[in-house]
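**Q** First to last, the protein sequences are chains A and B. Here this note's numbering is used: the first residue of the first sequence is 10, the next is one more, and so on. Here this note's numbering is used: the first residue of the second sequence is 309, the next is one more, and so on.
Don't read these hints as lab results, they were simulated from the structure. One should not assume that every hint holds.
As the list claims (entries may be wrong) - Derived CB-CB ranges, DEER-like: (1) A:369 - B:310: 25 to 35 Å; (2) A:71 - B:493: 26 to 36 Å; (3) B:397 - A:103: 18 to 28 Å.
Unchecked claim - Facing chain A, according to a computed beta carbon distance under 7 Å, are these residues of chain B, among others: (4) 343; (5) 369; (6) 468; (7) 476.
Cβ coordinates follow ideal geometry from the N, Cα and C atoms, glycine included.
As a plain string of letters, each chain reads:
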Amino acid sequence: MERVIGESKKSFMTGNEAAAWACLAAGADIMFGYPITPQNEIMHYWTRMAPKYGKGFLQTEDELSAGFTVCGGVQSGKKAFTATAGPGNVLMQEPFGMAEAMRLPLLAIIQQRGGPSSGTVVYSQQEVSLTTYGGNGEGHRIVYSTSTHQEIFDYIIKGFNTAWKFRFPVFILGDGYQAKMREPLEMYDPESRGIKMEEAYPLIGLGGKIGQDRGPSHLCNIYSLEEELYEVITKVQAEYDALAPQITEYDEKFCEDADIILVTHGVVSRAADDAVKALRAQGIKAGYFRPITLRPFPQQELRAAIAKSGAKKLLIAESAIGQLERLVKQEIYGETVKIETLFMPGVGIIESDLIDKVKSVL
Amino acid sequence: MALVRIALAGEGGQGVQSIAEILAEAAYNENQQALYIPNFGLEQRGGVSIAFLQFSDKRIGAPKFQKADIVIALSERAVARTISYSGAETLYVYDSSFKVEAEELPQQAKQIIALPAIDTANNELHPRVFNIIIMGAVIGLSNVVSFEAAKAALEHKLGYKFEKDPKLRELNFKALEIGREMAEKSLKEGVAINA
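Chain A on its own, in the form it takes in the complex (with noise of 0.2 Å):
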């Protein structure tokens, strides 16, 4: 595979950026994708390196044909991705729909906005929800949550691995903040790090005599047979489930002793490890925990930190209105712990806000 940063390097730039640069690191054959603010410089990016390094684009009508068009591209062997937000992710949810039916290894990067509808070009994490459950489906796709420029790099390049390894739609859910702000991060070539990179391969078009040489490629997303469908879904349901623990990643800090647990993702998690240490500085045991994959949610990890911790409250803190909520919840199931909840819908969320919620809730 090309190298294509060299030696690894420090830099200061855009999420948008970074995510660019990280899916031609990763070996990206081509984007599909429609403008939309903010994951606009994606694109940008993208195009402008892209016929650098043989690499493709294509601009389409719009995001139902971009995720459809992405669907096509990782099933002629090629690594396709696309990067969307808002409305337009709500729009893609019918090829990633697809997607989850046929197992397609393709990579979506989401750049969430605020909403309903068009909402603000600007900021929130209301695009959990569609993102982890979107579609007429049953969510069987990988959700990383990022929080810096570092993870947007780093996570796409695991993401491509984790797509073509295990043949779920990969999402690399970002935000307008993490898109538009300009910090430092390492670039580097996955093999400078000892990470091999999973090769594409066709998923059509195939050589040999099927039942001779080779079994059917059989991607299918239409049944005649309701016994099929179940048949099917229940066996990607466990395929799924049998995964999970290989695929879940979380952060956790100080919930050795914790009466209280921040639980947050993504950006705001950044907050929540600040706000975390100033609350131990002033003597409230307070701990953090992170889920960085949203789908498959680490849901025993959880439930071990409420336990070991003995902790009395979770405070779920999120930029949206209980879509976090709702997952951690549903997760953690007949777990006691009470729940306190900080939603700031459409807006950032900084260590202050925190700090002040986990004091009025002690």
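Using the hints provided, position chain B relative to the given structure of chain A.
**A** Leaving out everything else, chain B in the frame of chain A:
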């Protein structure tokens, strides 16, 4: 360096976002942690544009903030727009040419400073380097980056223009220096207010 939070606000076209980006990059080049985020809502299409900057020697948390250590308002409208970012510990800076009444200025601030940046740019230098004077003033007020790093970052950003017209380099560096001196002088002469 402990965390320093700066909000720069001005009209579209004043070059607020450009100098914010240059300052953040200069800090990064000096091995500091820096985070810069523009506001990019619909108001940027003909409204007050704000740049949120943070500098620190440690990892920086949330990208935006409620109270800044330094607020610089570069237009009369920007004064009204930035009052909420001024708190008891804030150094609040505006241009001395603005026609603003005392009650229109923030009621909460550690110190309020009026700088003659617009007049200086128009009369002594060139209107186009107004933003560079402000960039110099940020350094004079906060030392978030060294003067040398700021010059290097300017060179990096505008070098291609300087090559075509070396007088531009001189003009920009002079504006940077004047801005710094202006700010340092104001800090010394300024009277702390008890908000």
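**Q** With reference to the structure, classify each hint as holding or not holding.
**A** Structure-based check of each hint:
1. A:369 - B:310: 25 to 35 Å: Since residue 369 of chain A and residue 310 of chain B have Cβ atoms about 27 Å apart, the given range 25 to 35 Å holds.
2. A:71 - B:493: 26 to 36 Å: Hint violated: Cβ distance 57 Å, outside 26 to 36 Å.
3. B:397 - A:103: 18 to 28 Å: violated (51 Å)
4. 343: It holds, given that the least Cβ distance between residue 343 of chain B and chain A is near 5 Å, below 7 Å.
5. 369: holds (4 Å)
6. 468: With Cβ-Cβ at 17 Å, over 7 Å, it is violated.
7. 476: violated (24 Å)
Going down the numbered hints, you'll see the structure goes against 2, 3, 6, 7, while the others check out.
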